[in-house]
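Q: Letter by letter, the chains look like this.
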Amino acid sequence: MTSNSKNIPLDEAAFKATNSEIMPFLGNPSELEVVKRLKLGRWVVAFALLWLSFLLVQALIGNPNIDYGIIGQYVFDRRIILGLGNTLMLTVLLMALAIMLGIILAVMRLSKNPVSKVMASIYVWIMRSVPVLVQMIIWFNLALVFDRISIGIPGTEPALFSWDTNEVMTPFVAAVLGLGLAEAAYVAEIVRGGLMGVDRGQTEAAHAIGMSAWQTFRRVVMPQAWRLIVPPVGNEFISMFKTTSLASVVGMTELLGASQTISASNYRILELLVVASLWYIICTTIFSLLQFLLERRLGKGYNQHSSGWLGQALTFLKHRASIRFQEKAL
Amino acid sequence: MNSDALVTIAGLRKSYGPLQVLNDISLEVRRGEVVCILGPSGSGKSTLLRCINHLETFDSGLLEVDGQFVGYRREGMRLHERSRKDVARQRSRVGMVFQRFNLFPHLTVLENVCLGPLIVRKVKQKAAEDRARELLDRVGLAGRVDFYPAQLSGGQQQRVAIARALALDPMLMLFDEPTSALDTELVAEVLSVMRELADSGMTMIVVTHEIKFARDVADRIVFMDEGKVIEQGPPAEILSAPKEERTRSFLAHIG
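In order, the protein sequence lines correspond to chains A and B. In terms of our numbering, the first sequence is residues 1 to 330. In terms of our numbering, the second sequence is residues 1001 to 1255.
Calculated directly from the structure, the hints in this document are not laboratory data. These numbers come from a predicted model, not from an experiment. Warning: the hint list may mix true and false statements.
Covered stretches of chain B (in silico footprint by chain A; criterion: 3 or more residues with CB under 8 Å from a CB of chain A, positions within the stretch not fixed) [to be verified]:
| hint | segment |
| --- | --- |
| 1 | 1081–1088 |
| 2 | 1151–1160 |
| 3 | 1215–1225 |
Here's a subset of chain B near chain A, in silico, CB distances under 8 Å, partners left out [said to hold, decoys possible]:
| hint | residue |
| --- | --- |
| 4 | Ser1092 |
| 5 | Gly1116 |
| 6 | Leu1251 |
Just so you know, even glycine gets a beta-carbon here, dropped at the ideal spot from N, CA and C.
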């Protein structure tokens, strides 16, 4: 008491000030209502944000330098649609390459063989250290180092197959290799995480019923790892879909390249960039939705813990079906 | 050596660095016999069990199941590791039930039980399913064939795990603390399935803390501590009148 005596008078004063407003309460307690405080700060921030947005939209819409008619005119232009097709094909191919190679790299990194472990680590290290744009340009200029690409039996002449590197290394091929081989390193890390996320007991149980290492990997470990791998790989896919725009640098006419080709002749640079952006937004939105649905599907066997209505409905219907089946059997 | 012996272990040793996990283990299990291994944690009983189907390797010693080394081929005084394919084939004849069930969560109960026969034995789908339904009926889960493991209680999951092991018609069943991860009220249902299995003549090696089960079902109890077999004998003898001080103090603690 004595040591705190300096603080006490203040507290008591505050207590008395509020207390003195209170008269003995005689009304119906259930009619007492709480009145929320006005949160002034929130209103100020919200208003400021809305005002800034309004200014931005006004500056864009009212801008005499942007021709919105041009945007609408070119959204479904044949060249833009072809460019979009190229972008999609490039994304699918490079991700397919990255996923296949990524799984192999992940298995190598987790294997007991020290050489494959180190090799895979070096691959991941280098591919993640060099910018993909640089890698893509290197592939495009491969002819500077190897003028011909040949397949043959070592030590015998002539080679079975031989191509001129410049003919093979089109912008498209350079883009698939440059982006796909680098992306494989990222996918490898995701897959490795997924494989490590599967309980060791699963492998032991599979071995205990006599499954081989490969059977265990394919039938037990990988299906469970997918559940952990798909969400981040989905993100990678969406991210790569946009990164393919770098391929315009080596002269590939994907979505950005196509819009730049058009703007090079009509000088509507910003309008065509908006056209490209619109398609990037549309496709990214669709991919995100597909990813969401795919994750739902992969939740099979784990639905108990998910609160998603679709998963629950499916589980519910399955139970109903199995119960009916058993009733029939009886 | 007794021709009746299904499992013969002699002079088995294993160490992790300086730690001797198995220190000169010798043990024989006859066909149709139920052996319960008791002992404090860290006594090496789980490691021993896992050596029997080669989930663990050992450093030296003899370990034969049905007259064959598991995981190794003997040439003179040397044991050569077998190919992974051979090991897999050998393992498929020894059923194993784990403490944490280890059911495959992405497969239904029926698919869990069918997987081994389908993939390892190349049994036809229809035959595998019929057999799986029969086994699930035997462990009292006929009504749960299309459920996923996560939708079952621990006791039900463990019974599925037993059915999964039985689906490969094993000549020997290993149980690694099959009830330790279960809530007390679920232990009985698993033990009763195991009891029924023992009555049907299955050769079983059970690592457990269930003294009552050991007393009622085991033909023999083996007590292990610090990587050694301290003593073994019929349940009545070991549980009621242990000769060794360590067995006595263990039973006093657990009982």
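Q: Which numbered hints turn out to be false for this structure?
A: Hints 2, 3, 6 are the ones this structure does not satisfy, whereas the remaining hints hold.
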